[in-house]
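Visitor: Each chain, letter by letter, is given below.
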Amino acid sequence: MSTRNGFLQRAWNGLLPWLVPIGILLVWEASARFGWLSVRILPEPVAVVKAGVTLAASGELWQHVKVSALRATTGFAIGGGLGLLLGLLTGSFRKLEIALDTTLQMIRNIPPLALIPLVILWFGIDETAKLFLIAFGVFFAVYVNTFHGIRSVDPALIEMGKSYGLSGWPLYREVILPGALSSILVGVRYALGFMWVILIVAETISAQAGIGYMTMNAREFLQTDVVLLGILLYAVLGKLADVAARLLERRWLKWNTAYGNGI
Amino acid sequence: MNIDTSELNRVKAAVAETPGLRIGIGRLIKRFGERQVLHGLDLDIDAGQLVAIVGRSGCGKSTLLRLLAGLDEASGGDILLDGHAERDLIGDVRMMFQDARLLPWRTVIQNVALGLTGPKTEIRERALAVLAQVGLADRADEWPNRLSGGQRQRVALARALIHRPRLLLLDEPLGALDALTRIEMQRLIEQIWRQHQFTAVLVTHDVSEAVALADRILLIEDGRITLDETVQLARPREHGEAQFARLESRVLKRLMTIEAINSRNQILGKVTGILVDSVLSEVQILTEAGLVAATVLTRSLAEQPLELGAEVLATFKSNEVVLATTA
Ligand SMILES: Nc1ncnc2c1ncn2[C@@H]1O[C@H](COP(=O)(O)OP(=O)(O)OP(=O)(O)O)[C@@H](O)[C@H]1O
Ligand SMILES: [Mg+2]
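Residue numbers (numbering that gives the first Met the number 0), protein chains in the order written: chain C, 0 to 262; chain E, 0 to 326.
If you're looking for bench data, these hints aren't it; they were derived computationally from the structure.
On a predicted model such as this, the values are computed, not experimentally measured, just so you know.
Check before you lean on any hint, since a few could be wrong.
Computed cross-link-like contacts, BS3-like style, restricted to lysine-lysine with a CA-CA straight-line distance of at most 27 Å [what the hints assert, rightly or not]:
1. C:LYS253 <-> C:LYS161
2. E:LYS269 <-> C:LYS253
3. C:LYS65 <-> C:LYS253
4. C:LYS253 <-> C:LYS238
5. E:LYS252 <-> E:LYS269
6. E:LYS119 <-> C:LYS161
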């Protein structure tokens with residue numbers, strides 16, 4: 000095959016996955032323009048972009064995104080931090096595992112969203128309630144994977160470390176933590192996904208600011224374009240969190256050929 | 000506990016006249032639950048000797064080595080190093096395992112420097128120096144999983160050497176290597192041992208390896224030493240020599256008779272074909288279980304000729320058997 004043909008072939012292959020989405024967008028835009036699709040059901044794509052530009056220009060959009068992102072990261076830091084700490088402790092000390100693990104495993108069976116009525120009773124509908132729900136949901140994903148990661152560190156490597164004079168913190172730093180890291184990061188990624196789900200539910204129930212507040216507000220005024228914009232924003236933030244987790248994996252697990260590409 | 004090795008070595012140099020440790024083992028017993036593995040083993044090893052231990056799979060070779068390395072507690076008896084309790088000198092003992100046990104998340108040089116404390120540049124210099132001794136200075140900053148099996152073992156050797164051990168324990172460190180790499184590594188170990196003059200205990204299931212390297216070959220049978228051969232061949236030893244072959248076949252025969260009594264991990268069969276190649280040859284053996292192809296060194300075929308139709312025992316290590324379901 001000639002190089003020219005090869006180039007066309009590659010361009011076509013690169014384009015192929017985008018044909019269907021672009022087609023859908025075009026049909027959607029056309030349906031809205033020609034009035035086949037009520038704006039109340041689905042606004043045209045261009046309207047969503049316009050809504051985004053307007054809200055961004057007024058600064059309102061960033062305000063909401065900031066509140067939501069801060070809410071999510073604070074809840075994640077609390078729940079994930081506690082999960083990491085307890086996972087490290089129960090993973091490293093048998094006594095603590097015996098004392099705590101059964102309790103934690105029992106609580107783990109409670110779906111965080113089932114707690115919503117109780118949480119509203121406890122904390123009302125303000126910020127604390129949302130942070131609690133996010134932290135609760137995120138905690139177990141990190142805890143379980145940290146515990147498992149510590150426990151599955153190759154005992155042969157630990158024995159080797161000990162026979163080279165390592166113990167206590169140096170043994171932890173050189174052998175145990177790095178050995179558990181890939182499992183911990185799996186937990187982090189899973190927790191990040193979960194974090195957005197809980198945030199969305201919590202913000203939809205009640206909020207005075209944030210993306211959820213923006214969409215619920217827009218719903219009352221039948222601003223479908225803003226509602227759609229909010230949904231897209233959640234998707235983008237979720238994707239960003241996932242990309243961040245992936246970058247961490249690449250950086251910290253670069254020795255592992257499955258993640259990085261070596262030095 | 001971090002041992003300041005440089006300090007320790009200075010003290011040591013003042014105390015010890017020889018770099019190697021003298022080993023005295025008396026009535027050593029090891030039990031795992033109900034099961035007794037070592038039955039009152041007695042053994043003395045002179046400072047600076049290279050002793051090879053052979054024996055069939057499961058006879059307690061690794062158990063003995065792990066006790067010497069202080070990785071397990073004996074159930075009875077005692078181990079003395081230079082006349083002292085083992086615990087006092089355990090920092091002078093280093094072990095090389097069959098799998099290199101390198102930390103995959105540390106670079107080659109970081110692995111070598113594991114457990115050392117002191118100024119970074121000094122440590123790096125020392126680590127580079129030992130890496131150069133094993134011929135891997137140019138791979139210092141790579142990840143271990145980029146190295147071949149033989150190279151990983153050389154890194155493990157460097158990691159042991161940097162502590163200037165007075166007793167080096169080697170538990171089948173070459174067991175997983177191909178024949179050529181193996182011979183290369185044997186030469187390297189011999190050269191480094193002669194240079195550093197530490198005491199070395201090498202567990203191997205390759206009798207020719209034992210004959211090539213050891214001052215003394217011990218056979219462990221049922222947790223006891225049943226053969227103690229001093230090897231007086233001049234070094235470096237050539238596999239082709241008549242004396243070499245005689246000794247090798249004597250030890251092998253002894254091993255075979257033990258193998259014949261125990262029916263674990265072996266299949267009896269008849270040689271039906273021999274395909275000779277320059278380095279490795281293939282021997283086809285017809286067993287009850289079907290045709291088994293064994294790859295052997297052409298060199299050892301020359302030393303111990305096999306004939307078509309000869310009865311042979313194919314043995315394999317229990318930890319190298321892979322079980323796959325047939326469904
Ligand atoms: N931690 C342990 N717990 C229970 N039994 C053990 C343990 N370690 C070893 N054994 C048993 O002790 C016996 C001797 O084992 P060892 O590993 O010393 O054999 P070996 O001579 O090194 O064999 P190989 O040549 O296959 O490596 C075996 O029967 C083994 O099952
Ligand atoms: Mg063994």
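Visitor: Does LYS253 (chain C) lie within 27 Å of LYS65 (chain C) when you go C-alpha to C-alpha?
Guide: 32 Å, violated
Visitor: Hint check: LYS253 (chain C) vs LYS238 (chain C), CA-CA at most 27 Å. Holds or violated?
Guide: 22 Å, holds
Visitor: Decide if the proposed pair is consistent with the structure: LYS253 (chain C) and LYS161 (chain C), CA atoms, cutoff 27 Å inclusive.
Guide: Status holds; Cα separation ~25 Å.
Visitor: Decide if the proposed pair is consistent with the structure: LYS269 (chain E) and LYS253 (chain C), CA atoms, cutoff 27 Å inclusive.
Guide: 51 Å, violated
Visitor: Between LYS252 (chain E) and LYS269 (chain E), is the straight-line Cα distance small enough, at 27 Å or below?
Guide: 18 Å, holds
Visitor: Does LYS119 (chain E) pair with LYS161 (chain C) here, judged by a C-alpha cut-off of 27 Å?
Guide: The given pair, whose Cα atoms are some 21 Å apart, holds under the 27 Å limit.
Of the numbered hints given earlier, the model fails hints 2 and 3; all others are met.
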